[in-house]
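Undergrad: Read top to bottom, the protein sequences are chains A, B and C. According to numbering that gives the first Met the number 0, the stretch in the first sequence is residues 0 to 178, in order. According to numbering that gives the first Met the number 0, the stretch in the second sequence is residues 0 to 378, in order. According to numbering that gives the first Met the number 0, the stretch in the third sequence is residues 0 to 85, in order.
Calculated from the structure, these hints are not laboratory results. The beta-carbon is built from N, C-alpha and C at its ideal position, and this holds for glycine as well. Hints are supplied without guarantee of correctness; some may be wrong.
What the hints assert, rightly or not - Below, simulated DSS-like cross-link-like pairs (lysine-lysine); rule was C-alpha separation at most 25 Å, straight line:
#, chain 1, residue 1, chain 2, residue 2
1, C, K29, B, K201
2, B, K201, A, K56
3, A, K169, A, K148
4, A, K154, B, K358
5, A, K67, B, K280
6, B, K201, A, K67
7, A, K144, A, K169
As the list claims (entries may be wrong) - Residues on chain B that point at chain A, a partial pick, calculated with CB under 8 Å:
#, residue
8, F167
9, T168
10, V172
11, F173
12, E174
13, P175
14, E234
15, Q238
16, N241
17, G272
18, T273
19, R275
20, V276
21, L305
22, K358
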Amino acid sequence: MLEIRIHGRGGQGAVSTGQIMAIAAFHDKKESQSFPIFGVERSGAPVQAFVRISDKKINLRSQVYHPKIVLVLEPSLIEVVDVTQGLLKDGLVIINSDKPAKDFKLNCKVETIDATSIAMKVFGRPIVNTLMIGAFAKITNLLSKESLKKAMDEKFLYSKGKKISDLNKKAIEEIMGQK
Amino acid sequence: MRKIIEASTAAAIGVKLSRPQVIPMYPITPQTHIVERLAEFINDGELDADMIHVESEHSAISAAIGSQATGVRTFTATASQGLALMHEILHIVSGMRLPVVMEVANRALSAPISIWNDHQDSISARDTGWIQLYVESAQEALDTVIQAFKIAEDKNVLLPAMVCLDGFTLTHVFEPVDVPSQVNVDKFLPKYKPAFCLDTKKPITMGPIAYPNSFMEFKGAEHLAMKNALKVIKETNTQFKNQFGRGYGDGLIETYRLKDAKYAVVCMGTIVGTSRVVVDKLRKQGKKVGLIKLKSFRPFPIEEILKVTKGLKAIAVADRNISLGQEGALFSEIRSALYGKSKTIVSGFIAGLGGRDVKEETIEKMFDKINNGGTIWLK
Amino acid sequence: MTKLKISCGGIIEDVGSTKANKTGGWRTFKPVRDVKKCIKCMKCWMFCPDHSIDKNIEVNLDYCKGCGICAERCPVKAIDMVKEEK
Numbered sequence: 000m001l002e003i004r005i006h007g008r009g010g011q012g013a014v015s016t017g018q019i020m021a022i023a024a025f026h027d028k029k030e031s032q033s034f035p036i037f038g039v040e041r042s043g044a045p046v047q048a049f050v051r052i053s054d055k056k057i058n059l060r061s062q063v064y065h066p067k068i069v070l071v072l073e074p075s076l077i078e079v080v081d082v083t084q085g086l087l088k089d090g091l092v093i094i095n096s097d098k099p100a101k102d103f104k105l106n107c108k109v110e111t112i113d114a115t116s117i118a119m120k121v122f123g124r125p126i127v128n129t130l131m132i133g134a135f136a137k138i139t140n141l142l143s144k145e146s147l148k149k150a151m152d153e154k155f156l157y158s159k160g161k162k163i164s165d166l167n168k169k170a171i172e173e174i175m176g177q178k
Numbered sequence: 000m001r002k003i004i005e006a007s008t009a010a011a012i013g014v015k016l017s018r019p020q021v022i023p024m025y026p027i028t029p030q031t032h033i034v035e036r037l038a039e040f041i042n043d044g045e046l047d048a049d050m051i052h053v054e055s056e057h058s059a060i061s062a063a064i065g066s067q068a069t070g071v072r073t074f075t076a077t078a079s080q081g082l083a084l085m086h087e088i089l090h091i092v093s094g095m096r097l098p099v100v101m102e103v104a105n106r107a108l109s110a111p112i113s114i115w116n117d118h119q120d121s122i123s124a125r126d127t128g129w130i131q132l133y134v135e136s137a138q139e140a141l142d143t144v145i146q147a148f149k150i151a152e153d154k155n156v157l158l159p160a161m162v163c164l165d166g167f168t169l170t171h172v173f174e175p176v177d178v179p180s181q182v183n184v185d186k187f188l189p190k191y192k193p194a195f196c197l198d199t200k201k202p203i204t205m206g207p208i209a210y211p212n213s214f215m216e217f218k219g220a221e222h223l224a225m226k227n228a229l230k231v232i233k234e235t236n237t238q239f240k241n242q243f244g245r246g247y248g249d250g251l252i253e254t255y256r257l258k259d260a261k262y263a264v265v266c267m268g269t270i271v272g273t274s275r276v277v278v279d280k281l282r283k284q285g286k287k288v289g290l291i292k293l294k295s296f297r298p299f300p301i302e303e304i305l306k307v308t309k310g311l312k313a314i315a316v317a318d319r320n321i322s323l324g325q326e327g328a329l330f331s332e333i334r335s336a337l338y339g340k341s342k343t344i345v346s347g348f349i350a351g352l353g354g355r356d357v358k359e360e361t362i363e364k365m366f367d368k369i370n371n372g373g374t375i376w377l378k
Numbered sequence: 000m001t002k003l004k005i006s007c008g009g010i011i012e013d014v015g016s017t018k019a020n021k022t023g024g025w026r027t028f029k030p031v032r033d034v035k036k037c038i039k040c041m042k043c044w045m046f047c048p049d050h051s052i053d054k055n056i057e058v059n060l061d062y063c064k065g066c067g068i069c070a071e072r073c074p075v076k077a078i079d080m081v082k083e084e085k
């Protein structure tokens, strides 16, 4: 079973990130589960969400304590939260940053992606979560592009409309390329 | 059809498929997503029901009495302080034998303020005459609400029912769910035919006074109806299994890897899922452990508990509630069920209050201290 | 003693059973109206807690308990509470 932890700030879409990843994994014929740790929500406060992906039915309902992969939607969080806490030995941290990975001294494998810049290009706003999911999929090969696009429709078509859904699909294309 | 959705959505879909006609509701965290989805279903024309926006939970459950009394299938949902505010009316719903169904997104009771999960809210409503069914997954939440209507409306029961799902720990989880078709649910749960209702053409009086010479008889009849529910819950689970291909133990309790077990944990709600994982882990280490999931807390399945605990050396009872000054409610109930009839050691564990995460280690500790015989707080 | 019927939820199907309970027997004083003084303001009709005064301002003595609220409420003192000979 693969366990993932997502760090973001309130309002950045960490919760949606987890949900979209779980939806996409489901369409890849996997069992999946996603849930946030809810605080008393305030915009800007550190937020965490979790994803579990497995070939078998998932019964475990505790929080994720030993993630294999950690997504950090906002680099400034590294100053306030130990994003590597409980990370498995061969774990990976993917950070939204315009700096190279080697700049982050985290004692583990790090990948960076400048999601904010790409988001400004696609959305005209710094909405980074879809791009971080795309980066995750591209780096790990754990979610297919088709399933991610399907997940975007499922997540946004009803609640936010076709325009937003299409933009998110475009963002996935942008980051994952014509693979 | 298999989908991946939030458990609150699954719970709301279960309600939609049961076709209630009136939904009086007042929002409260973490129940809100359930009624939000129902409002959307009504708005989108998927559910033909009236949603009554009331000014408090006390009014929500009072309005539910009014609508159910007119012979209409009625649903509401709440959590925590909302359920506490409903308390006096809860007794009236059951006493008037109105089969209202309610989902409770279990949450701690203040103070201090907590929006997070434990079972204190519904356990505190234990003696209100409502059936209480606890679920562990989004699928079970969906399936159980459909069953709850059937159980509550059975002519030998006619009691209201709560479907209790852990706030956040379940309500806010996205996971795969098999959504049954409306046609199949309609076959399982036909149109509601009230045993009695308010009708201007055939007037009746509801909710009159009972003098000391009859009150006990009314309570005795209610108690008997609750006992009847034991059988009806089992039958309903079997029917559901036959029609939809999945069931939950015998409807009252479910056992997991208990056959040759010497030790078992007893629990309700989402702790069950995590306990399954721990049982698997300990079994791999050669330990003879199993799991008893209690689904029906009211009515309490004494006979079934006696049967499945037979031969066990010790059981660990996990309580996500605390009767201050005494012990966990489930622990008390299990011990009382076994009293004088069993040599099994019963140990109680208080865990997961106010959203404290119940980890695999928490359950492992229960197995470690299973011979204790008292109550231990696992912080 | 007649055997009590323990119905489901305490419902009563033979409605209107209170009609059989003629509370007029509880009365000591009965209201007597002076029709000359009466201005037909209907306050007695409105305030009677037992609906024992009809729209013609006639008192139904089968149910009037003799509480005197009608006399108390009458603005022109047209109702006297008179001790009943029994």
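Undergrad: Against each hint, give a clear statement of whether it holds in the structure.
TA: Results of checking the hints against the structure:
Distance hint between C/K29 and B/K201 is unfulfilled; the C-alpha atoms sit about 36 Å from each other, more than 25 Å. Note on B/K201 and A/K56: the hinted pairing is violated, with a Cα-Cα distance of about 53 Å set against a maximum of 25 Å. The straight-line distance between the Cα atoms of A/K169 and A/K148 is roughly 9 Å, inside the 25 Å bound, and the hint therefore holds. Straight-line distance between C-alpha atoms of A/K154 and B/K358 comes to about 30 Å, which puts the hinted pair past the 25 Å bound.
For the suggested pair A/K67 and B/K280, the alpha carbons sit about 20 Å apart, so the restraint of at most 25 Å is met. Annotation: proposed proximity of B/K201 to A/K67 is violated, straight-line Cα distance about 67 Å (limit 25 Å). Of the supplied pair hints, the one linking A/K144 and A/K169 holds, its CA atoms being roughly 11 Å apart against a limit of 25 Å. At a threshold of 8 Å, the smallest CB-CB gap from B/F167 to chain A is about 6 Å, leaving the interface hint in force.
Taken as an interface hint, B/T168 checks out: its beta carbon lies about 6 Å from the nearest beta carbon of chain A, inside 8 Å. For B/V172, the suggested interface contact is upheld, since its CB lies about 4 Å from the closest CB of chain A, less than 8 Å. Hint on B/F173 holds. Least Cβ distance to chain A is approximately 4 Å, under the 8 Å limit. The restraint placing B/E174 at the interface with chain A holds, with a minimum CB-CB distance near 5 Å, inside the 8 Å limit.
Interface restraint check for B/P175: the shortest CB-CB distance to chain A comes to about 6 Å, inside 8 Å, so the restraint holds. A hinted interface residue such as B/E234 counts as satisfied when its beta carbon comes closer than 8 Å to some beta carbon of chain A; here the least separation is about 27 Å, so the hint is violated. Look at B/Q238: its Cβ only gets to about 24 Å from chain A, farther than 8 Å, so that hint breaks. Taking 8 Å as the C-beta contact cut-off toward chain A, the hint placing B/N241 at the interface is violated, the least distance being around 22 Å.
Residue-level restraint check for B/G272 holds (minimum Cβ-Cβ distance to chain A is 4 Å; threshold 8 Å). Taking 8 Å as the C-beta cut-off, the interface hint given for B/T273 holds, the closest approach to chain A being about 5 Å. The interface hint given for B/R275 holds, since its Cβ lies 4 Å from the closest Cβ of chain A, which is under the 8 Å cut-off. Given hint, B/V276 at the interface with chain A, holds; its Cβ is 5 Å from that chain's nearest Cβ, closer than 8 Å.
Annotation: interface hint on B/L305 violated; nearest CB of chain A at approximately 27 Å, more than 8 Å. Interface restraint check for B/K358: the shortest CB-CB distance to chain A comes to about 4 Å, inside 8 Å, so the restraint holds.
In terms of the numbered hints stated before, the structure departs from hints 1, 2, 4, 6, 14, 15, 16 and 21, listed from lowest to highest.
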